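Based on the sequences and whatever the hints tell you, model everything.
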Amino acid sequence: MVKERFELVLDPTDLWTIWDNETDQPVVFANQLLAGLSKSEAEAAYQILVEIVRKRELEKSKKHQQDKKKRSPDAA
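Residue numbering for the sequence shown follows UniProt numbering, starting at 1 and increasing by one per position.
No wet-lab data here; the hints were simulated from the structure.
Predicted model, so just to flag it, every value in this text is computed and none were measured.
Virtual Cβ for every residue (Gly too), placed ideally from N, Cα, C.
Misleading hints may appear alongside valid ones.
[Claimed, not checked] What follows is a list of derived Cβ distance ranges for each label pair:
id : residue 1 : residue 2 : range
1  : Q66       : A30       : 28 to 38 Å
2  : D11       : K69       : 30 to 40 Å
3  : D67       : K3        : 43 to 53 Å
4  : E59       : K3        : 18 to 28 Å
5  : S72       : N31       : 35 to 45 Å
6  : D67       : E22       : 20 to 30 Å
7  : L10       : S72       : 42 to 52 Å
[Unchecked claim] Below, in silico cross-link-like pairs of lysine-lysine (DSBU-like), each with a Cα-Cα straight-line distance of 35 Å or less:
id : residue 1 : residue 2
8  : K55       : K3
9  : K63       : K3
10 : K70       : K55
11 : K55       : K68
12 : K55       : K39
13 : K3        : K68
14 : K60       : K70
15 : K3        : K70
16 : K39       : K60
17 : K62       : K3
Written as C-alpha cells, this is what we have:
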C-alpha cells in the first residue's frame with residue numbers, strides 16, 4: 001500500500017495540520033507553516049499541494065521520456 005505524500009492531521013486544539021509523509025514534518029509552503037488551520041483552509045491547501053506534486057511528477061515523466069528518445073538510435 002502506497003502512503004499518500006500529504007495528509008491532514010487534526011491536532012488536540014481541533015485545528016488542522018498538513019503533514020508531509022516524505023519529510024516527516026508539517027508542510028511549509030510560501031514560508032507559512034500549514035498548521036493551526038480550519039478544516040476548509042487545510043482541505044484547500046491540501047488540494048493545491050497534491051496538484052503541484054502531480055504536475056511536477058508529470059513534467060518529470062515527460063522529460064524522462066524525451067531524454068530517453070534522444071538517447072535511442074533512430075530506427076531509420
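Going through the numbered hints above, which ones does this structure break? Give me the numbers in ascending order. Of the numbered hints, 2 and 3 do not hold.
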